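When you get a sec, could you build the whole thing from the sequences and use the hints?
In the order they appear, the protein sequences are chains A and B. Just so we're aligned, residue 1 is where the first sequence starts under my numbering, counting upward by one. Just so we're aligned, residue 1 is where the second sequence starts under my numbering, counting upward by one.
In case anyone wonders, no lab produced these hints; they're calculated from the structure. There could be a bad hint or two in this list.
Claimed, not checked - Using 25 Å as the maximum straight-line C-alpha spacing, the simulated BS3-like pairs for lysine-lysine come out as follows:
| no. | chain 1 | residue 1 | chain 2 | residue 2 |
| --- | --- | --- | --- | --- |
| 1 | A | K285 | A | K181 |
| 2 | A | K285 | A | K203 |
| 3 | A | K285 | B | K248 |
| 4 | B | K285 | B | K179 |
| 5 | A | K248 | A | K285 |
| 6 | A | K248 | B | K285 |
Model, not experiment: these values are computed from the prediction.
2 protein chains.
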Amino acid sequence: MKNALYAQAGGVTAVINASAAGVIETARRHSEQIGTVFAARRGIFGIWDEELIDTAAEDPDEIARLRATPGGAFGSCRYDVRTIDEDPALYARIFEVFAAHDIGYFFYNGGNGSMDTAWKLDQAARKMGYPLISIGVPKTMDNDLLLTDCCPGFGSVAKYIATSIREVGLDLAAMVQGKPKVFVMEVMGRNAGWVAASSALAKEAEDDAPHIVLLPEVAFDHEAFLARVREIAGRLGYCAVVVSEGIKGQDGRFLSERQVEHGYVQLGGAGEALTQLISRRLGFKYHLAIVDYLQRSARHLASRTDVEQAYGAGRAAVEFALAGLSGVMPAVHRLADSPYRWEIQPLSLQDIGNAERRLPPEFIRADGFGLTEAFRRYALPLIAGEEAPEFRDGLPRFARLALRPVPKLCPPPAYPLPL
Amino acid sequence: MKNALYAQAGGVTAVINASAAGVIETARRHSEQIGTVFAARRGIFGIWDEELIDTAAEDPDEIARLRATPGGAFGSCRYDVRTIDEDPALYARIFEVFAAHDIGYFFYNGGNGSMDTAWKLDQAARKMGYPLISIGVPKTMDNDLLLTDCCPGFGSVAKYIATSIREVGLDLAAMVQGKPKVFVMEVMGRNAGWVAASSALAKEAEDDAPHIVLLPEVAFDHEAFLARVREIAGRLGYCAVVVSEGIKGQDGRFLSERQVEHGYVQLGGAGEALTQLISRRLGFKYHLAIVDYLQRSARHLASRTDVEQAYGAGRAAVEFALAGLSGVMPAVHRLADSPYRWEIQPLSLQDIGNAERRLPPEFIRADGFGLTEAFRRYALPLIAGEEAPEFRDGLPRFARLALRPVPKLCPPPAYPLPL
Numbered sequence: 001m002k003n004a005l006y007a008q009a010g011g012v013t014a015v016i017n018a019s020a021a022g023v024i025e026t027a028r029r030h031s032e033q034i035g036t037v038f039a040a041r042r043g044i045f046g047i048w049d050e051e052l053i054d055t056a057a058e059d060p061d062e063i064a065r066l067r068a069t070p071g072g073a074f075g076s077c078r079y080d081v082r083t084i085d086e087d088p089a090l091y092a093r094i095f096e097v098f099a100a101h102d103i104g105y106f107f108y109n110g111g112n113g114s115m116d117t118a119w120k121l122d123q124a125a126r127k128m129g130y131p132l133i134s135i136g137v138p139k140t141m142d143n144d145l146l147l148t149d150c151c152p153g154f155g156s157v158a159k160y161i162a163t164s165i166r167e168v169g170l171d172l173a174a175m176v177q178g179k180p181k182v183f184v185m186e187v188m189g190r191n192a193g194w195v196a197a198s199s200a201l202a203k204e205a206e207d208d209a210p211h212i213v214l215l216p217e218v219a220f221d222h223e224a225f226l227a228r229v230r231e232i233a234g235r236l237g238y239c240a241v242v243v244s245e246g247i248k249g250q251d252g253r254f255l256s257e258r259q260v261e262h263g264y265v266q267l268g269g270a271g272e273a274l275t276q277l278i279s280r281r282l283g284f285k286y287h288l289a290i291v292d293y294l295q296r297s298a299r300h301l302a303s304r305t306d307v308e309q310a311y312g313a314g315r316a317a318v319e320f321a322l323a324g325l326s327g328v329m330p331a332v333h334r335l336a337d338s339p340y341r342w343e344i345q346p347l348s349l350q351d352i353g354n355a356e357r358r359l360p361p362e363f364i365r366a367d368g369f370g371l372t373e374a375f376r377r378y379a380l381p382l383i384a385g386e387e388a389p390e391f392r393d394g395l396p397r398f399a400r401l402a403l404r405p406v407p408k409l410c411p412p413p414a415y416p417l418p419l
Numbered sequence: 001m002k003n004a005l006y007a008q009a010g011g012v013t014a015v016i017n018a019s020a021a022g023v024i025e026t027a028r029r030h031s032e033q034i035g036t037v038f039a040a041r042r043g044i045f046g047i048w049d050e051e052l053i054d055t056a057a058e059d060p061d062e063i064a065r066l067r068a069t070p071g072g073a074f075g076s077c078r079y080d081v082r083t084i085d086e087d088p089a090l091y092a093r094i095f096e097v098f099a100a101h102d103i104g105y106f107f108y109n110g111g112n113g114s115m116d117t118a119w120k121l122d123q124a125a126r127k128m129g130y131p132l133i134s135i136g137v138p139k140t141m142d143n144d145l146l147l148t149d150c151c152p153g154f155g156s157v158a159k160y161i162a163t164s165i166r167e168v169g170l171d172l173a174a175m176v177q178g179k180p181k182v183f184v185m186e187v188m189g190r191n192a193g194w195v196a197a198s199s200a201l202a203k204e205a206e207d208d209a210p211h212i213v214l215l216p217e218v219a220f221d222h223e224a225f226l227a228r229v230r231e232i233a234g235r236l237g238y239c240a241v242v243v244s245e246g247i248k249g250q251d252g253r254f255l256s257e258r259q260v261e262h263g264y265v266q267l268g269g270a271g272e273a274l275t276q277l278i279s280r281r282l283g284f285k286y287h288l289a290i291v292d293y294l295q296r297s298a299r300h301l302a303s304r305t306d307v308e309q310a311y312g313a314g315r316a317a318v319e320f321a322l323a324g325l326s327g328v329m330p331a332v333h334r335l336a337d338s339p340y341r342w343e344i345q346p347l348s349l350q351d352i353g354n355a356e357r358r359l360p361p362e363f364i365r366a367d368g369f370g371l372t373e374a375f376r377r378y379a380l381p382l383i384a385g386e387e388a389p390e391f392r393d394g395l396p397r398f399a400r401l402a403l404r405p406v407p408k409l410c411p412p413p414a415y416p417l418p419l
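Following this line, the structure appears as structure tokens:
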């Protein structure tokens with residue numbers, strides 16, 4: 001009977017810990033086949049440094065509470081591994097640590113890069129004859145993984161963004177007075193516009209916020225944008241704009257790549273650039289919101305669908321492992337839009353790799369400033385349902401793990417993991 | 001039997017509409033004493049322009065739903081009135097409209113300036129012999145009204161800010177890698193630091209976020225701040241800072257009063273200034289969140305205590321009116337900290353006027369970077385309890401009023417309300 005190792009990687013989400021709970025609780029229910037579930041601190045770094053946690057030593061109530069806890073309970077990392085042929089020392093160390101702790105199952109919970117890592121470990125283990133089942137557990141608020149209907153983490157940020165812009169829209173409508181006012185909300189999304197797009201779910205009528213959604217998939221056109229802002233703000237007295245941090249101009253450069261004259265300092269991002277443009281060219285009042293990490297941490301407003309898929313991906317990962325599958329990822333497969341039905345299927349990690357899924361053209365309105373009904377049909381089920389965390393003294397009561405280190409059995413690494 | 005007029009003023013909050021529901025529903029229960037409840041569009045502007053709504057024509061379910069709807073359902077305004085001696089034309093017009101619609105009760109729902117307006121109307125009516133009961137209904141997320149224990153609107157923004165920084169704190173803790181990272185969250189509060197202070201409620205242990213809270217009540221000390229950031233980020237790998245938009249330097253100027261060299265453009269606010277300082281002087285990574293209107297609109301995370309006080313203030317306003325009180329405001333009076341008990345009492349508007357209540361010294365930690373246990377005892381009860389709005393299709397289902405205009409009975413005003 002082999003032990004399992006679970007680790008987290010990439011930007012954390014509101015629900016990555018729900019996947020952790022899914023892995024740990026499911027493995028515990030199969031204690032006749034899986035021994036201890038260890039967790040690595042800070043993803044691949046914790047393996048390199050042999051910094052492991054014994055999850056069995058944690059209070060089961062706290063493990064259950066991971067389902068409702070944002071962040072990454074064991075620490076995450078950003079690290080792209082090379083193949084075993086390119087970086088044999090990395091794999092030698094990994095398998096040294098795995099062997100010392102009798103690891104037979106590896107669950108790597110992350111986005112594109114992490115699915116690639118799980119795949120490379122699977123391949124390396126085969127090549128070295130190390131008996132390992134390596135499974136990728138998908139996670140990314142960016143929703144940019146290929147081949148899965150959606151990514152755990154996206155539904156919750158989508159619900160948060162759509163709720164927030166609906167709420168702000170009511171604020172703006174109430175405060176019309178004097179010069180028109182433009183509200184700009186900058187959201188995450190460097191290359192793919194899924195998060196910005198989700199704001200459009202808030203619209204019930206044409207004049208509801210958001211009035212303009214700017215996506216990285218559409219080259220930014222200053223004049224068309226200003227004309228649209230002028231039309232909407234002139235008519236309503238206000239205009240709500242949601243902008244993806246990654247929008248680019250016609251020249252292909254990020255709007256946020258600006259330098260102050262003489263300056264060494266890069267000031268602000270896409271939202272700041274837009275508000276300055278609006279102020280300079282239209283003379284309108286403006287307000288800027290940058291939701292930054294709040295959006296991917298807002299577990300208090302998670303989508304129940306998303307939580308179920310995140311937990312379900314963790315559970316399925318263990319079930320696939322017990323069925324002998326390796327080099328796969330539990331993917332969400334959509335059976336029907338409405339009522340929404342889905343199931344989890346194993347997909348080979350080889351086909352997922354480091355590619356990014358962007359918004360397809362049929363989801364983007366012809367004018368480039370909004371989303372289509374097809375997008376709505378796709379995304380609305382993903383934000384359905386609520387599953388609030390427990391509250392205590394007015395605030396969410398999140399998991400507090402003991403995170404007691406497992407005694408090290410290997411010699412320390414000869415050098416730190418090279419960055 | 002006289003009619004009533006309800007109007008909203010000042011920056012809206014997550015719960016000002018709960019006060020509207022309290023006024024309207026309570027008046028309906030006293031239909032033997034109060035006739036129609038009219039609402040003015042955009043506060044004093046709607047009175048001047050005779051733009052009134054008959055709330056009796058609204059679906060009672062939608063009126064009830066106002067309890068869970070952010071924004072200002074009838075439109076708000078920013079307008080400081082002068083006295084009747086200084087501006088007789090204003091009062092002549094107001095009482096012309098009031099008389100035409102047989103208004104005997106006036107409920108003005110707003111902050112400092114609005115309490116002053118309600119008081120001046122009371123005084124003007126007495127002077128002119130117009131039979132009017134004028135009541136102020138307190139509302140401000142800034143929590144800066146005098147003499148009331150707290151202001152409806154504050155508890156909800158406090159809950160939102162504290163929840164958000166607790167969530168982000170977990171995100172930051174999970175992502176430690178490479179250079180230290182500083183997260184700055186800019187919140188509202190031009191002169192008083194109540195909102196920034198509320199972030200401190202998220203702390204359960206010394207190393208929990210927020211690590212530094214910057215208040216307008218404390219002159220900003222660059223070097224002390226940088227030393228503190230260096231210490232915390234050096235130890236933990238990250239540091240979470242919450243900054244009030246209104247912090248001022250030792251020279252008494254707002255930190256956000258910066259000009260780009262040669263520039264006509266004022267870029268960014270306090271948060272932007274801090275991140276640039278951190279980047280330039282410490283070379284750390286940084287992230288900036290500006291929650292802007294999201295914080296005062298976040299009805300999805302309202303404090304139940306706050307909702308009950310907001311609704312209760314509206315209800316009490318009507319009850320005071322029926323008892324013959326005028327020139328008063330329903331104020332929250334604290335009976336006990338823990339368990340928290342409160343009641344609503346009438347206070348004369350004369351004593352509230354245009355003053356601002358700032359954080360008292362005993363709430364601010366000696367080093368100026370945090371809050372004391374006394375603040376915690378004060379503020380923790382105000383964020384207690386949840387009262388989520390109804391959700392439909394994954395998003396809050398907010399009130400949609402018909403807002404059908406009441407036929408005008410007066411000649412149009414000779415000129416627009418002078419700004």
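Hints and how they fare:
Between K285 of chain A and K181 of chain A the alpha-carbon distance is near 5 Å, which keeps this suggested pair within the 25 Å criterion. A hinted pair counts as satisfied when its Cα atoms are at most 25 Å apart, and K285 of chain A with K203 of chain A qualifies at roughly 23 Å. A hinted pair counts as satisfied when its Cα atoms are at most 25 Å apart, and K285 of chain A with K248 of chain B qualifies at roughly 23 Å. Taking the CA atoms of K285 of chain B and K179 of chain B, the gap is near 7 Å; set against the 25 Å cutoff, the hint holds.
A hinted pair counts as satisfied when its Cα atoms are at most 25 Å apart, and K248 of chain A with K285 of chain A qualifies at roughly 24 Å. In summary, the hint linking K248 of chain A to K285 of chain B is supported, as the alpha carbons are separated by about 23 Å, within the 25 Å threshold.
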